[in-house]
Each structure stands twice: as C-alpha cells, then as structure tokens.
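Colleague: Letter by letter, the chains look like this.
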Amino acid sequence: MADLSVSFTGIELKNPVMLASGVWDLPYTELIDFEKLGGIVYKSISLSSREGNPPPRLTEIPCGVINSIGLANKGIENFNKEILPQLKDLGTEVFVSIFGESIEEFAELTSRITDVSGIEVNISCPNVKEGGLLFGADPDIAYNVTKAVCSNTDLPVIVKLTPEAVDIVKVALSVKEAGASAITASNTFQGLVIDIETHKPIFRRITGGVSGPAIRPLSLYKAYQITRAVDIPVIGSGGITDWMDALEYFFVGVSAIEVGSAIFNNPLAPIEIIDNINRYMDENEYKNILEMKGEVNEERC
Amino acid sequence: MTTFRILPVIENRRLGPYTLLRIKDVGIHKYAGCGQFVMVGLSFLRDPFLLRPLSFLSVDNDSFSLLIKIKGRGTEMLSMVKPGEYLKVLGPLGRTILPGEKGILIAGGIGIAPLFYQSQWMRGGVLLYGAKDKRELVLVKEMEDRGLVVKTITEEKGGTVCDLVMENIALLKGQRVFICGPVAMIKSLREIIRDYTRETFVYLERRMGCGIGGCKSCAIKTGYGYKFVCQDGPVFPLEEVEIG
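As given, the protein sequences belong to chains A and B, one line each in that order.
Numbering follows the working numbering, with no gaps: position 152 of the first sequence is 152.
Numbering follows the working numbering, with no gaps: position 224 of the second sequence is 224.
If you are wondering where the hints come from, they were derived from the structure by calculation, not from laboratory data.
Among the hints, erroneous ones may be present.
Selected chain B positions facing chain A (in silico; Cβ < 7 angstroms) [as the list claims (entries may be wrong)]: (1) 4; (2) 42; (3) 43; (4) 46; (5) 207; (6) 210; (7) 213; (8) 215; (9) 219; (10) 225; (11) 226.
The C-beta atom is built at its ideal place from N, Cα and C for all residues, glycine as well.
Using the sequences and the hints given, assemble the complete structure.
Modeller: Dropping the structure here:
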C-alpha cells in the first residue's frame, strides 16, 4: 500500500488532500469523515467580526461558481473560543486562513493565533488603508504582509496567492524571501456576471471570485509557473474535483492540494480523491507522493 | 441526519405545468421533517455545477417526491431525468418546523409544493391558492382529501392570491399562517395581513452553494443581522426577514 503522507517545512499531513478555506464550516463534519483528510483550512478570520456582503452572494457559471461572500466571519476571539476547540477534535491537521485590512492588522491577528498546524495568509483581499489594491497584486506589499505575519509567529506560514497578480512568480519569490514556509497557488479569479433583466452586475460589489472546474487549467498553469521558479513547497488549488484533476497538480510538482468548491457538486469529493489517489499509486507502483510528483516532461516542445 | 447519496428516480410525470419526480429512498420518512428540503443534481455531471435546493413535496416509507418548475438549465435537465436514472441527493436540510394541527396556508404557483408537504401533518385548516391559470392549480383535490378547505383564484379569471386573501381576510384573524410564493406576492401579503394573523411564517428560496451552512451564500437580512436560508430556514417568521 502506498504511503500518502507528506511532510514539508514543518507541516506533516497523513495525506496530501486538504479542504480549502471558505467553502465549508462545522456542519460538514456531519457529512465528511474529517479524520480521513490530510488537513483543513478554516475560512478566513479577521480581527473583528464581519457580516459579509449583501446578497446575492453566489451564482452558477458554466462548470463552476462565482461568489461575493465578503469574508463573513465572527472574528478571532470567537474563533479561538468557539470554533478551534471543535476543529481540534476532528482528528486532522488544522490550519486557519487569516486576512486583514492593513499590514498592522495582519500582524496583530497573527499574534493571537496559537495551537494550529499552520496559518494560511489570504492576500487576495484589498489593502483598505492603502487605496484598496489587493495585497497579493504587488510583490513588495505581499513581501511586507508575509514579513509581518512571519515575525509574529513560530507556526508554519503558508501564503495563498491571487492569480490577479500582474506577475505571480514575482509575488511567489517575494513571499518566499519574506519567510513563507509554503505557497498555495492559487485563489479565485475575479469575474463579472450581469443580470440581463436589470442590466446591472448581479453582485453589489460588481465582481466576484470564480472557482470550480472552469478555472482548473488557469490555476494549474499558475501552480506550474510557481513550482518551476520557487524552491519552497506549493499547495495546488483551483478547480480540483476528482483524483485525475489532483494528479495533474502533482505532476507539475505541488506537494499537496486543496479541494474547495468541488464539495458543492459532491460533498464527498475530498474523500473520493484520497481513495483514488491511493488506488492509482498502488496500480502504478508509486511508493510515496514524492515519487509521483513533478513528472511533467519539459522536452515536449 | 443529513446524508449525501446517489438515489434512483422511480417516477417522472407531468403535474399541470410541472414535473413530479419520485425518488426511491427506503426509510427517509424516519428523518425528513416538516419544512425541510433536499439539494439534488444529476449524478456524474459537473455542469450544472451546483445542486438545486428543492422542498419535499411528499415523503413516504420508501420514497420521496419533488415538484419541479423549469426556471433555467438546471431545473430543465432535472425535469428530463427518466425512471432508472440516478440523482445526487443531499439532505434532509434546513430546520424542521411545527406545522400545527390547523392553520392557514397561502400558496402562489409552485409555492404549493412545501405547503402540500406541510399538510401531511395537519388536520384541516384552509388553503388560499393562486396561480396564473387553471392548469397551474395542482393537488387541489388531494389537499381537500386531507381535510383542508381550499379556495383558489387564477390570474386569467378573478385576480391574484392577494385578492383572494383580502376576500377571506376574516379567516386569518388570530391564526398561524404559512406563505410560499413569489417575492412580489410575499411583499404585498405582508402589508395586507399584518394586523390580522397571530403568527406568520414564510418559506424562502435562495441560490445555494452547499445547502448545509458551510459557504454562507444564501444570506438573508433579518432584524438580527444576516441569517442563512439553508441553515436557519427555509421557513422564517415573516416579520423577521427583509423581503426583496
């Protein structure tokens, strides 16, 4: 039987399949056997509570969804008191996604996080204090956020990049330089849907984040570019709905993957992916994930 | 207990302008409660990507039924599923409600579906039911057989549900009322019945991502901040929620 465990920069997972931030919450523990998962990333937490965007917050697109949830959450104090103790009982590695509206907020928030397996830094949110540009759009700002987080914690720091960066490889190099343990590549793409009855965007905030199988080739290419340029581990994320999608990511060299909106289509997708990767590795005589990853043949062109 | 399973369709028939799907599920009656719904989708397909929230129409010992109105591609594809084909089913979802032995049900169009399900638990009461035309008025006899007094109205002859409610406003006095129908109907009814009923509840509908309280997509503004139709509803006290 293949060994599915992965271990990188202070992170140890029983298998390389994680539940991505944003799409799930505690009610899913009734549906999915969390003990089987490699890890879970709890939805983005801010310093104080945020009620999120006015509805509508989500709609379907061909092969995916677009959302404008607005990072609704009850703040760090509620997370530490009410949510974390429940997550710790689930028998899997717990990561928490964090976001702030300023670099100072990222720093303070980080200092209040303990007792998790790592922090995933969401830099796909706007830098409200400095004009609203996404933190992750600019390599220098991404560096500063990562630095602020890393200097306030001893926990592994994973930075989740936005594909909206002008040059995502430059941002990846910056966050590595600033001390990131790993990179998640990548977050949702920005998109627009117009309501043809009102002639207006369906979301009050105009754009939303596109996810699902529709973006898989786009996200996979970002992961491919980053694994080639940066020598810290990469967690692949974007449009993974089954084991074959997951393999594509491993073959471009990621160390683990995150499954997100796939659970809307099939809540058992993460578990099925783990079982099928296991089967695939046995059938193809891979002993461990390391043997299987990064097989893309560069000589094709 | 909420589960995700692949279940076979055992019947697909027309009911007025709608499609009635019956799905085999032995033992579902033990855990499906009044007010609840399921998320359903075509098995093995990733497009349409989202499952569709549909309230129970009825629940028996070995099956449950759903009533589908074609609104877009997802519901159109669901309406074409043949007996022997399979659906992804997540549920039961949402909070159960106390139906009460009697009471007033107000349905507009396809809004009859969850109210028909609710009437499984009731012993009598009144149904005020409006639709576009006669063909859209379904399940009237079945509701009468359950002991409800049914009063109907159609837009082609007579007027809207609101007209029907105004004609029968005395019946609402001091009663528990349950409403399901289009947003415009709910908004007008709110004004009409405000001073009459003891309590009024409304069945709401929203596009949902997960259906189980994970994604925070189906937000609805209430007097207590945002609530979620999938987890806190789909039935809410009318005075608590902002409609439209």
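Colleague: Can we keep the residue 207 of chain B interface hint, with Cβ of chain A closer than 7 angstroms?
Modeller: holds (6 angstroms)
Colleague: Identify whether the interface hint at residue 225 of chain B stands, where standing means a beta carbon of chain A within less than 7 angstroms of its own.
Modeller: Interface hint status for residue 225 of chain B: holds (6 angstroms vs cutoff 7 angstroms).
Colleague: If you take the shortest Cβ to Cβ gap from residue 43 of chain B to chain A, is it below 7 angstroms?
Modeller: Result: violated, 9 angstroms to nearest chain A Cβ.
Colleague: Regarding the hint that residue 42 of chain B lies at the interface with chain A, is the smallest CB-CB distance below 7 angstroms?
Modeller: violated (10 angstroms)
Colleague: Is the interface hint satisfied for residue 215 of chain B? The criterion is a beta-carbon contact with chain A at less than 7 angstroms.
Modeller: Given a least distance of 5 angstroms, the restraint on residue 215 of chain B holds.
Colleague: Quick check on the hint: residue 226 of chain B CB to chain A CB, less than 7 angstroms?
Modeller: holds (6 angstroms)
Colleague: Would you settle whether the hint for residue 46 of chain B is holds or violated, based on the nearest Cβ-Cβ distance to chain A being less than 7 angstroms?
Modeller: holds (5 angstroms)
Colleague: Quick check on the hint: residue 213 of chain B CB to chain A CB, less than 7 angstroms?
Modeller: holds (4 angstroms)
Colleague: Hint check: is the beta carbon of residue 219 of chain B less than 7 angstroms from a beta carbon of chain A?
Modeller: Residue 219 of chain B check passes; min Cβ-Cβ to chain A is 5 angstroms, inside 7 angstroms.
Colleague: Just to be careful: measuring from the Cβ of residue 210 of chain B to every Cβ in chain A, is the smallest value less than 7 angstroms?
Modeller: holds (6 angstroms)
Colleague: Under 7 angstroms, Cβ to Cβ, is where residue 4 of chain B needs to be relative to chain A, so tell me if that hint holds or is violated.
Modeller: With a closest approach of 5 angstroms, the residue 4 of chain B hint holds.
Hints 2, 3, counting from the list given before, are not met by this structure.
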